[in-house]
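Take the given structure of chain X and dock chain D to it, following the hints.
Letter by letter, the chains look like this.
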Amino acid sequence: AQSVTQLDSHVSVSEGTPVLLRCNYSSSYSPSLFWYVQHPNKGLQLLLKYTSAATLVKGINGFEAEFKKSETSFHLTKPSAHMSDAAEYFCVVSGGDSSYKLIFGSGTRLLVRP
Amino acid sequence: DAGVIQSPRHEVTEMGQEVTLRCKPISGHDYLFWYRQTMMRGLELLIYFNNNVPIDDSGMPEDRFSAKMPNASFSTLKIQPSEPRDSAVYFCASSRYPGNTGELFFGEGSRLTVL
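The listed protein sequences correspond, in order, to chains X and D.
Here the first sequence is numbered in this note's numbering, starting from 44 and rising by one per residue.
Here the second sequence is numbered in this note's numbering, starting from 160 and rising by one per residue.
Keep in mind that the hints were calculated from the coordinates and are not lab data.
A few of these clues could be false.
To be verified - Residues from chain X shown here face chain D by an in silico Cβ test under 7 Å; the list is partial:
no., residue
1, Ser-73
2, Gly-86
3, Leu-87
4, Leu-91
5, Lys-144
6, Phe-147
7, Arg-152
Treat the numbers as computed from the prediction; the structure is a model and nothing was measured.
Ideal Cβ positions, reconstructed from N, Cα and C, are used throughout, including at glycine.
The shape of chain X in the complex, shown without the other chains (with noise of 0.2 Å):
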């Protein structure tokens, strides 16, 4: 079975710093991983996605993540962060029996520090 953990429930950040988020997985197939980033109130959207090509994905507003087959692990990261990251971020695995079943992590919430 598939499933994903975030191993922080929370990370602060201050403006202009690194982000780091971090995602390991468990998938007895070829995984499809994503990230995806919900702002308060509203609706989650996607950031970036892995479909076993390129193993560093780039997304939007400056989000990338690597896929580590030997960690089992797609961490999230962005080299400096600015205040409207501020939001929850979840890291989700498809694939398996059925790929349209979307397993979500437990979120990491992204406070920026002015």
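This is chain D only, laid out in the frame that chain X set:
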């Protein structure tokens, strides 16, 4: 192009009342999903439709929950009777090819409070 539209955005009701949540997917999207989000359980898939047909409803909590999609542009999620533990944000999402592309387009959610 309009995104996924959900109504109502907020609903407060009393235990035992019927609740109906509505969703209009993006035109041309063949897949529609209903999710529930709570602090305790995170995001849970309740049911999804393909071409208006329910494909997997294994996430629907119990018989009090039902979902319909009478046509390609409208879906409802009904709770009857409602209970306080149903309090959550309910999201509708649609997609053209959700498979491994994984891109779902979410509405802004319906926040339900059952007193």
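Against the structure, the hints come out as follows:
no.: 1; hint: Ser-73; in the structure: violated, 9 Å
no.: 2; hint: Gly-86; in the structure: holds, 3 Å
no.: 3; hint: Leu-87; in the structure: holds, 5 Å
no.: 4; hint: Leu-91; in the structure: violated, 10 Å
no.: 5; hint: Lys-144; in the structure: holds, 6 Å
no.: 6; hint: Phe-147; in the structure: holds, 4 Å
no.: 7; hint: Arg-152; in the structure: violated, 12 Å
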